[in-house]
Amino acid sequence: MYGWIWRHLPGNAWMRALISLVLVLAIVFVLFQYVFPWAEPLLPFNDVTVDEGMAGPR
Amino acid sequence: MRTRLIVRTLSEICVTVGALIILLVVYVLYWTSVRADRAMDGEIDHLQDRWATGTVTAGAEPSSEPRRYASGDSFAIMYIPRFGADWAKPVLEGTATGTLKKGLGHYSRTARLGALGNFAVAGHRRTYGDPFKDFPALRPGDAVVLTDGTTWFTYRVDRRPYRTLPTDTGVIDPVPRASGFRRPGRYLTLTTCEPEWGHSHRLITWAHLDATQSVAQGKPKAL
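Respectively, the protein sequence lines represent chains R and G. Quick note on numbering: the first sequence equals residues 1 to 58 in the UniProt record's numbering. Quick note on numbering: the second sequence equals residues 1 to 223 in the UniProt record's numbering.
Think of the hints as simulated: they come from the structure by calculation, not from any bench. For every residue, glycine included, the Cβ atom is placed at its ideal position computed from N, Cα and C. Among the hints, erroneous ones may be present.
Which residues of chain G face chain R? A few of them, derived with a C-beta cut under 10 Å, are [as the list claims (entries may be wrong)]: (1) Ile6; (2) Tyr27; (3) Thr95; (4) Gly105; (5) Pro166.
Pair by pair, the computed Cβ-Cβ distance ranges are [as the list claims (entries may be wrong)]: (6) G:Pro81 <-> R:Ala39: 28 to 38 Å; (7) R:Pro10 <-> G:Pro195: 43 to 53 Å; (8) R:Leu43 <-> G:Arg182: 33 to 43 Å; (9) R:Leu9 <-> G:Leu10: 16 to 26 Å; (10) G:Arg50 <-> R:Asn12: 56 to 66 Å.
Isolated chain G, as found in the complex:
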């Protein structure tokens, strides 16, 4: 009887652990995306409401003003036609774990949108809505379009995604290391994880500001 009890208890523990693992996989693969998609839609709605009611803090001239975005708040919407016509994600200030669950995160020490310097943004490649799932598909010439409610900024990708180590912070410098850019300019950097489900490396894409136009002039050609 004693052996029977031990075998039975062991089996029950195995079944329980198995069920827990399946539930965790469901949570990571499915539930985080459900939650993140809801949060990201909420942020975009919130931004569009704010812009529609005209409470936009004037940022029409992309000068090198020292103003900072409020940490954790969304301030722009990003469109990347390569990722799909309906791909639109909010950009929030900061790269804290909680912030990245609600959208893309702007490295707070990098330049403002459209400003001289490097506007660097991080995003999940997998889980939490998979915003940067198709990151390796980016090619030179692809458009990365952003709006802050007053201005459309069209950036153009300059080279294929670049693989680097997580400690390589030079890639988000004002003139990013290894990007091929030589002189100061208005650049954009996107970062995500590499490999797709791992964290041993990072994947980087650089772009330069190609065109700006006021929201009153309608959507840019790239969209």
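So that you can see chain R by itself, here it is in the shape it has in the complex:
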């Protein structure tokens, strides 16, 4: 998979390394901005209230 991506990036090795870095940063950004905020409430750290029916978080 990574080899395949590497082979399909344009330019010489430096150019490819630079593009790879940008790709990694973009993926980390998407994860921190969108994916993890969605996944985090599924973890138990949000349960700090005593249940109030539907009023409280899970």
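Start from chain R and add chain G according to the hints.
Only chain G this time, still in chain R's reference frame:
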């Protein structure tokens, strides 16, 4: 060649999943706190600005008025000297997940600050700034000081943190169950999760209103 491809793909998947898990841990342990600390400082600044410009809705007499706080808005700042001299967190209305990311959450069905009944507040013990990290360190006599911009309210903790089940809603009743309080009064309840990183139980602390003073009279002795 075929085996080689399978082994390589499998290894790459393992490395990818490992990297994802590390990133998630970084997010949960570190990034949520960075974001929450920023949000909480923002709420406190916002409150202090509002109070400084004098647009405080007069709540000087802590009567049992039926007015409610606006959902999701901050309305008070809490200080707990036991958690550190610089420990100050905003209190917001409601206990929705999004609200608790910006500060402590006031159970909207419980009493107003300083009013007759039980002023109940929930907060994160871990992640999102760890506001209640030192919760088990609370001891009888510890001060929990709150201000709504016009009045300082000093509550005193009555007993060591009490461990209970998440379904035990009686602990935030006007006269909280198991608190040892017998008669109606002006109480405060704090709730957080127990164990520290889990959600199987809740940790509860009760306090009673010990003193109130106007903001004009300066900070209370407890701070």
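Violated hints, by number in ascending order, as checked against the structure: Violated hint: only 1; rest satisfied.
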